[in-house]
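2 protein chains.
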Amino acid sequence: MTPVSASEADALDDKDPLARYKTLFDLPDWIIYLDGNSLGPPPKAALARIQSTGEAEWRSGLVKSWNDAGWIDLPKTCGAKIARLIGGREDEVIIADSVSVNIFKLAAALSANAPGAIAYHADEFPTDGYILQGLSNLTGAPLMRLAPDADHGALGSEISVLVKSAVHYKTAAVADIAAWEQAAAQNHVEIIWDLSHATGVLDIDMRAAGARYGVGCGYKYLNGGPGAPAFVYVGRQAAATLNQPLSGWMGHAAPFEFAPDYAPAPGVERFASGTPPILSLSARDAALDVFADIDIAAIEAKAKMLGDLFLARCAPLGLESISPPPSERRGGHVSVRFDHGYAVIQALIAHGVIGDFRQPDIMRFGFSPLFLGYRDVWNAASILADILETQKWREAKYSARRKVT
Amino acid sequence: MTPVSASEADALDDKDPLARYKTLFDLPDWIIYLDGNSLGPPPKAALARIQSTGEAEWRSGLVKSWNDAGWIDLPKTCGAKIARLIGGREDEVIIADSVSVNIFKLAAALSANAPGAIAYHADEFPTDGYILQGLSNLTGAPLMRLAPDADHGALGSEISVLVKSAVHYKTAAVADIAAWEQAAAQNHVEIIWDLSHATGVLDIDMRAAGARYGVGCGYKYLNGGPGAPAFVYVGRQAAATLNQPLSGWMGHAAPFEFAPDYAPAPGVERFASGTPPILSLSARDAALDVFADIDIAAIEAKAKMLGDLFLARCAPLGLESISPPPSERRGGHVSVRFDHGYAVIQALIAHGVIGDFRQPDIMRFGFSPLFLGYRDVWNAASILADILETQKWREAKYSARRKVT
Numbered sequence: 005m006t007p008v009s010a011s012e013a014d015a016l017d018d019k020d021p022l023a024r025y026k027t028l029f030d031l032p033d034w035i036i037y038l039d040g041n042s043l044g045p046p047p048k049a050a051l052a053r054i055q056s057t058g059e060a061e062w063r064s065g066l067v068k069s070w071n072d073a074g075w076i077d078l079p080k081t082c083g084a085k086i087a088r089l090i091g092g093r094e095d096e097v098i099i100a101d102s103v104s105v106n107i108f109k110l111a112a113a114l115s116a117n118a119p120g121a122i123a124y125h126a127d128e129f130p131t132d133g134y135i136l137q138g139l140s141n142l143t144g145a146p147l148m149r150l151a152p153d154a155d156h157g158a159l160g161s162e163i164s165v166l167v168k169s170a171v172h173y174k175t176a177a178v179a180d181i182a183a184w185e186q187a188a189a190q191n192h193v194e195i196i197w198d199l200s201h202a203t204g205v206l207d208i209d210m211r212a213a214g215a216r217y218g219v220g221c222g223y224k225y226l227n228g229g230p231g232a233p234a235f236v237y238v239g240r241q242a243a244a245t246l247n248q249p250l251s252g253w254m255g256h257a258a259p260f261e262f263a264p265d266y267a268p269a270p271g272v273e274r275f276a277s278g279t280p281p282i283l284s285l286s287a288r289d290a291a292l293d294v295f296a297d298i299d300i301a302a303i304e305a306k307a308k309m310l311g312d313l314f315l316a317r318c319a320p321l322g323l324e325s326i327s328p329p330p331s332e333r334r335g336g337h338v339s340v341r342f343d344h345g346y347a348v349i350q351a352l353i354a355h356g357v358i359g360d361f362r363q364p365d366i367m368r369f370g371f372s373p374l375f376l377g378y379r380d381v382w383n384a385a386s387i388l389a390d391i392l393e394t395q396k397w398r399e400a401k402y403s404a405r406r407k408v409t
Numbered sequence: 005m006t007p008v009s010a011s012e013a014d015a016l017d018d019k020d021p022l023a024r025y026k027t028l029f030d031l032p033d034w035i036i037y038l039d040g041n042s043l044g045p046p047p048k049a050a051l052a053r054i055q056s057t058g059e060a061e062w063r064s065g066l067v068k069s070w071n072d073a074g075w076i077d078l079p080k081t082c083g084a085k086i087a088r089l090i091g092g093r094e095d096e097v098i099i100a101d102s103v104s105v106n107i108f109k110l111a112a113a114l115s116a117n118a119p120g121a122i123a124y125h126a127d128e129f130p131t132d133g134y135i136l137q138g139l140s141n142l143t144g145a146p147l148m149r150l151a152p153d154a155d156h157g158a159l160g161s162e163i164s165v166l167v168k169s170a171v172h173y174k175t176a177a178v179a180d181i182a183a184w185e186q187a188a189a190q191n192h193v194e195i196i197w198d199l200s201h202a203t204g205v206l207d208i209d210m211r212a213a214g215a216r217y218g219v220g221c222g223y224k225y226l227n228g229g230p231g232a233p234a235f236v237y238v239g240r241q242a243a244a245t246l247n248q249p250l251s252g253w254m255g256h257a258a259p260f261e262f263a264p265d266y267a268p269a270p271g272v273e274r275f276a277s278g279t280p281p282i283l284s285l286s287a288r289d290a291a292l293d294v295f296a297d298i299d300i301a302a303i304e305a306k307a308k309m310l311g312d313l314f315l316a317r318c319a320p321l322g323l324e325s326i327s328p329p330p331s332e333r334r335g336g337h338v339s340v341r342f343d344h345g346y347a348v349i350q351a352l353i354a355h356g357v358i359g360d361f362r363q364p365d366i367m368r369f370g371f372s373p374l375f376l377g378y379r380d381v382w383n384a385a386s387i388l389a390d391i392l393e394t395q396k397w398r399e400a401k402y403s404a405r406r407k408v409t
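In the order they appear, the protein sequences are chains A and B.
Under the numbering used here, the first residue of the first sequence is numbered 5, with each subsequent residue one higher.
Under the numbering used here, the first residue of the second sequence is numbered 5, with each subsequent residue one higher.
Misleading hints may appear alongside valid ones.
You can't tell identical chains apart in this list, so a pair holds if it fits in one copy or across any two.
As the list claims (entries may be wrong) - No more than 25 Å apart at the CA atoms, straight line, and that leaves these computed lysine-lysine pairs for BS3-like:
id, residue 1, residue 2
1, 68, 401
2, 168, 401
3, 396, 80
4, 48, 26
5, 85, 19
6, 26, 68
7, 396, 68
8, 48, 174
9, 396, 26
10, 168, 68
11, 48, 396
12, 396, 168
13, 174, 80
14, 68, 80
15, 85, 26
16, 174, 68
If you're looking for bench data, these hints aren't it; they were derived computationally from the structure.
For reference, chain A alone in the conformation it holds in the complex (with noise of 0.2 Å):
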C-alpha cells in the first residue's frame, strides 16, 4: 500500500527488508539523492577499493598487479556478478569500453551480411541512435527509425537488428523483453538490449526471456563510479561465432602471444577491445559486491513503491506523469512534466532533493532502493510541494540557465 502519512512511511521503512543496505553507503546527511538513476552514490567499499588499488596495487604492486592483483581478470570477474542481475550464465557478460562502443560491437556483428535493415525507436536513448547512424554510414547498412509507439507488431523481414531499451530512460517505461523476443524469432530480427536503465533495480532475466544480446552502463543503480566501464552480455552459443569488428588485444584468445593475426576468444571476451581503465574497473567491482545474494525481485518491488508514492504526491500538485502509472510495471524513475522544470530542479537542489532535469519540461526523479527509505522519498515529496505552492522556483538564481548534465 502507498503511503499516505509521514508516519505510515516511517513504519514501512521499519519493517523494509533492504533498510540494512543504506549503511553500506555514505551519503551526505543534507541530502536526499533521487538521481542514482543518472550517477549512482559511492558505496563506501567502493571508495575504499579506489584506495587500495592506486595505494597497494599500482604504487606497491606496479606492473605485477596486473597478475597479482587480478587486474587482467577483472573484466570477467566483474561480468560474472553482472551476470546473475540479468539472468545470464556467469561466462556470458563482460566488461568493456562504454554503452556506446558496445552497441556499435553488437550492431556492427550481427549487421554484417545481413539483409534488412538496423533498427531503433525515435524516442530511444540519443547515443544509441548516434552510434547507429554512425555504423550505417560506415557500412551502409540501411537504418530504420520506429514510432515511439511501435511494439512489437513492427519487426518484420525489412528489419535484421532492433536496438532496444529495455526501461525508457525518459518514461521508465519497461518493454516486455519476452515478448519482443517472441516475436524476433517469428521475424528473424536479433535484439540488442540496452539494459543501462534496467540493470540493478528491474527484476530480469534474459535467458528466460529468449535474449541474446545485450549491453548497460555501471553507474546509475549499480553504483560504479562515474563514467564506470559498461558491460556486454552475449548469449553462450552466439558469443562462440559472433564477430566484432572492434577486435583489441584484449578479446584476442591468447592477447601476450603476439600473434600476427587476431583469432578471438572463444567466448563473450572476444569483445573486449583495448586495456581497461582499472581504476575505474576496481571501483566497479567493489561495488557490485552490494549485490551479492541480493533479492533483486524486492529491489525492483520497493523502487516501485517509492515511485508511486512520490507520484501519489505529486499530482495534487499539477504535474503531469508520463511514466506508467502505479498499475504498471516501471522501472526505477519517475518523470513529470513542468513548463518550469528546470527552474524548479534547481530549487530542489538549492534545498538538498537532488534530481536532474531533461529537455524541454521533464523532471525526472529515481528511487534506488539501497540507499532511499520511505520516510525519505516522503520528505523529498514535501519539499517539492513547498517549493511549488510557494512559487520559490520563481527566483532568478533557479532559472538562470547553465549547462546540465
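Assemble the complex: chain A is given as a structure, and chain B must be docked to it using the hints.
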C-alpha cells in the same frame, strides 16, 4: 658521456636537472623500476587525486560534479596537457577510449571512400594490426602488411592509410616522422601515428613534421595509471571535416540537447564517443601535471643516456641488443635477447629489478627519466650481471612459467 663507474653515475645524478622530479613519485625503496614503459608508477599527485575524486567529488558532489568538478571537460583539459608534449595545438587532442578503439575510429574515417589499402608493418604492435583486420572485415577495405624493414619508399598509390608506431614497442627504434610524412604526402597516404611508446619520453613535434593523426596510451611514460584512457590527436583542419563512425553522444556538438540526429562537435571533440571513466581520467589528469613546463628534450636526452649506460653494461654479459645503438635515436627502452630471458626477468624481479619479457626471448627495460637516476640504472645492471655470472636464473623457481602480461 656514458658513465663507466658507480661514482661517475653518482656524479651525473648530482648535476641532473631532472633529478628533482623523483620526489614527485613514491616508489617502494626496495625496487628499481625499469618497466615504466609498460606501466608508469603513480605520481603522488595522482594518488591524492584518486582519493579526492572519490571522496569530495563522487561522494559529496554526486551527479553535480559533472559540472562543478569539471568532469565533463576533463577529456579536453587533459588533452590540452598532452598537446604540448607532442607538438599539437591545445584544441587538437582529446582523451577517449583506448588506443585500439581510437585506431579504429581514425582508420575507419580515413579509409572511407579511399581507393587504396590500409597498411601496417608486420611487426607492428599486435593490437594495431588486429583492429585493422576487424575494420577490413567489416568494410571490405583492403589490408596490406608491410615487411618489418619497409621504409617510406614502400608508400605508393596502392596504400591510402598507414598505421605506424613512432617508437617500436620491442626495439625502441624511432621513426623519422617528417620523412614518412613527406613521402606520404607525395603518395596521398594518410599516416596514423601510434605514439604509445613515444609520448612523454620523446621530443615530438607533430605539426612541424606535418603529422595530422595520432593516438597514444596514458599508462606508460605519462604515468596515468593502469589502463588510463587513451588520446586522439587530429590536426585542426582535418578534425573539422573527418567523420568517425563511433559517433557517441560525447562527440556530439550538443550532447545534452538530446537531438535525434548526430551532429559532430566542431573539432577533435568529435572523436569522443561514450561516457568517459572519470576515476581513471582524473588520475591521468593529475599525473600529467608532472609534465607542466618540463623540457621534453631533456627527458629524451636523459632516457637515451640511461639506455646507453645499460646497454654498455649488457654487452660484456653476452646479451644481444636489438635496439638502436648509442649513435642512433632511440625511444625510452632497450631490448636484449637471451635464450633464458624469461627466467632472468623473474630472477631480476626477485632481486628488486623490474623489467619485462616479450616472446620469444626478449628482455625489455624501460628508462623513465623522471624517477630513475644514473646510479639506479648502474645498480640494476650490476644485479643483472650478478644473476648472469652466477647463473642464478637456473633456479627452478625462476623458470616456471605462468601468465605474463
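Here is how each hint holds up against the structure:
1. 68 x 401: This pair counts as between: shortest inter-copy Cα distance 17 Å, intra-copy 52 Å.
2. 168 x 401: This pair counts as neither: shortest intra-copy Cα distance 38 Å, inter-copy 53 Å.
3. 396 x 80: Neither: 50 Å inside a copy, 37 Å across copies.
4. 48 x 26: Within one copy only: 10 Å inside a chain, 33 Å across chains, cut-off 25 Å.
5. 85 x 19: Neither, since 28 Å and 53 Å both go past 25 Å.
6. 26 x 68: between (36 Å within a copy, 21 Å between copies)
7. 396 x 68: between (57 Å within a copy, 21 Å between copies)
8. 48 x 174: Neither: 29 Å inside a chain and 42 Å across chains, both beyond 25 Å.
9. 396 x 26: Answer is neither: 31 Å inside a copy and 55 Å across each miss the 25 Å cutoff.
10. 168 x 68: neither (41 Å within a copy, 28 Å between copies)
11. 48 x 396: neither (35 Å within a copy, 46 Å between copies)
12. 396 x 168: Cα proximity of residue 396 and residue 168: none, with 39 Å in one copy and 60 Å across.
13. 174 x 80: neither (31 Å within a copy, 29 Å between copies)
14. 68 x 80: within (19 Å within a copy, 31 Å between copies)
15. 85 x 26: within (20 Å within a copy, 40 Å between copies)
16. 174 x 68: between (44 Å within a copy, 19 Å between copies)
Checked against the numbered hints above, the structure violates hints 2, 3, 5, 8, 9, 10, 11, 12, 13; every other hint is satisfied.
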